[in-house]
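Peer 1: Just so it is clear: in the sequence shown, position 97 is 97 by this note's numbering, and no numbers are missing.
Among the clues, some could well be false.
To be verified - No farther apart than 30 Å at their CA atoms in a straight line, the calculated lysine-lysine pairs in the DSS-like style are these:
no., residue 1, residue 2
1, K69, K111
2, K69, K83
3, K83, K2
4, K306, K69
5, K111, K74
6, K84, K2
7, K207, K153
8, K306, K83
9, K83, K111
Unchecked claim - Computed Cβ-Cβ distance ranges for the label pairs, DEER-style:
no., residue 1, residue 2, range
10, K111, K207, 50 to 60 Å
11, Q236, K74, 31 to 41 Å
12, G93, D173, 29 to 39 Å
13, E235, A263, 34 to 44 Å
14, I321, F50, 51 to 61 Å
15, R3, E80, 34 to 44 Å
16, G186, M1, 43 to 53 Å
17, R238, A295, 42 to 52 Å
18, F113, V231, 38 to 48 Å
19, M1, Q62, 23 to 33 Å
20, G186, N312, 12 to 22 Å
21, Q236, Y264, 34 to 44 Å
22, D152, P79, 47 to 57 Å
23, E80, N293, 36 to 46 Å
Keep in mind that the hints were calculated from the coordinates and are not lab data.
Each residue gets a CB set at the ideal place from its N, CA and C atoms; glycine is no exception.
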Amino acid sequence: MKRVAVFTSGGDAPGMNACIRAVVRGAVYHGVEVFGIRRGYNGMINGDIFPMTSHSVSNIVQRGGTILKSARSKEFMTPEGRKKAYDQLIQHGIEGLIAIGGNGTFTGALKFFEEYRIPTVGAPGTIDNDLYGTDYTIGYDTAVNTALEAIDKIRDTADSHDRVFFIEVMGRDSGYIAIQSGIAGGAEMVMVPEVLTPISEVVETLKQGWSRSKSSSIIIVAEGDVEGNAVVLAEQIREQVGVAIDMRVTTLGHIQRGGVPTAYDRILASRLGLGALEGLLEGQQNVMAGIVNNALIYTPFIDTIKLPKPINEDLLRMVRILSV
Numbered sequence: 001m002k003r004v005a006v007f008t009s010g011g012d013a014p015g016m017n018a019c020i021r022a023v024v025r026g027a028v029y030h031g032v033e034v035f036g037i038r039r040g041y042n043g044m045i046n047g048d049i050f051p052m053t054s055h056s057v058s059n060i061v062q063r064g065g066t067i068l069k070s071a072r073s074k075e076f077m078t079p080e081g082r083k084k085a086y087d088q089l090i091q092h093g094i095e096g097l098i099a100i101g102g103n104g105t106f107t108g109a110l111k112f113f114e115e116y117r118i119p120t121v122g123a124p125g126t127i128d129n130d131l132y133g134t135d136y137t138i139g140y141d142t143a144v145n146t147a148l149e150a151i152d153k154i155r156d157t158a159d160s161h162d163r164v165f166f167i168e169v170m171g172r173d174s175g176y177i178a179i180q181s182g183i184a185g186g187a188e189m190v191m192v193p194e195v196l197t198p199i200s201e202v203v204e205t206l207k208q209g210w211s212r213s214k215s216s217s218i219i220i221v222a223e224g225d226v227e228g229n230a231v232v233l234a235e236q237i238r239e240q241v242g243v244a245i246d247m248r249v250t251t252l253g254h255i256q257r258g259g260v261p262t263a264y265d266r267i268l269a270s271r272l273g274l275g276a277l278e279g280l281l282e283g284q285q286n287v288m289a290g291i292v293n294n295a296l297i298y299t300p301f302i303d304t305i306k307l308p309k310p311i312n313e314d315l316l317r318m319v320r321i322l323s324v
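Taking the hints into account, I'd like the entire structure generated from these sequences.
Peer 2: This is how it looks when you write it as structure tokens:
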């Protein structure tokens, strides 16, 4: 394989630039031509493809976001869109792809291979940490630390005013950010989509705290929790408590996606980027590079897409015990 291309797709994640850098410099080291594709599958369809050199990725390891931009492509979901993308890759002589993204990115790559036999190796770039086949995904550690910084600040004002704060963090289908930031931030309760938490249990936890003269509480809610978003949840609990209580809601939102990546994310992204590139050159296809027990492994896209990555129940148990 003499010519490869790298792109980012789906939601951005801190550390994506470090991953791009590793792919590009790894390709240069191995004597392989490397191209960048801007705006994911949309750029592939539109021919937004350009050669990259070692200089192209200078001074980006510390930057958040992605220099290749990102997008979700409805056109690539159609046979016509994928045909356009294939034609552009052939025109540029590209023989293989490095895809940095999540489930949607890998689903598209798998379909693309079935139709046009263009091999792809993925690197897990998503703050949700919801991909089977790796202990941690690129951007997750930074997102947890960003959430934790906000939780610590909110804890100060909650304590100053004897308030209950509901803090909504990202994680539509995964409670990893919620559980880790909740434990580190000393939350009284964490609500995640993997485990149903009845409203009555939240109410009981708050009442037990008040019986111990606890004047403030923090409840972390993953945005995908089945009980609804934090605003709705707070109103439901206010109705059930039946007493005048000062409740506030903070939704952290997209601040969790941005910012300078942590050292851990930079190192993880570099390992995964180089691992994805070298795997592709060694003949790997339709797999995701991941780190499990500190070892580089390759997991088939089909498993990454379909197999669940459950939260360790010991972590949920820990929240209950430490909030007493």
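Peer 1: Can the suggested window of 42 to 52 Å be confirmed for the beta-carbon pair R238 and A295?
Peer 2: Holds: the Cβ-Cβ distance is about 49 Å, inside 42 to 52 Å.
Peer 1: Does the Cβ pair E80, N293 satisfy 36 to 46 Å?
Peer 2: holds (43 Å)
Peer 1: Do I321 and F50 keep their Cβ atoms within the hinted range of 51 to 61 Å?
Peer 2: With Cβ atoms ~54 Å apart, the hint holds.
Peer 1: Can the restraint linking K83 and K2 be considered satisfied, given a maximum Cα separation of 30 Å?
Peer 2: With Cα atoms ~22 Å apart, K83 and K2 stay inside 30 Å; holds.
Peer 1: Mind checking the alpha carbons of K69 and K83 for me, to see if they're no more than 30 Å apart?
Peer 2: holds (22 Å)
Peer 1: Does 29 to 39 Å hold as the CB distance between G93 and D173, or does it fail?
Peer 2: holds (38 Å)
Peer 1: For the pair we were handed, K84 and K2, check the Cα-Cα distance against 30 Å.
Peer 2: holds (22 Å)
Peer 1: Does the alpha-carbon distance linking K111 and K74 stay inside the 30 Å limit?
Peer 2: holds (14 Å)
Peer 1: Just to be sure I understand the hint, the distance between the Cβ atoms of D152 and P79 should be within 47 to 57 Å; is that true here?
Peer 2: Since the Cβ atoms of D152 and P79 sit about 50 Å apart, the hinted range of 47 to 57 Å holds.
Peer 1: Just tell me: holds or violated, for the beta carbon distance of G186 and N312 against 12 to 22 Å?
Peer 2: Hint holds: Cβ distance 19 Å, inside 12 to 22 Å.
Peer 1: Given the hinted pair K83 and K111, is their Cα-Cα distance within 30 Å?
Peer 2: holds (12 Å)
Peer 1: 34 to 44 Å was suggested as the range; check whether the CB atoms of R3 and E80 agree with it.
Peer 2: violated (25 Å)
The structure does not agree with numbered hint 15 stated previously, though it agrees with all others.
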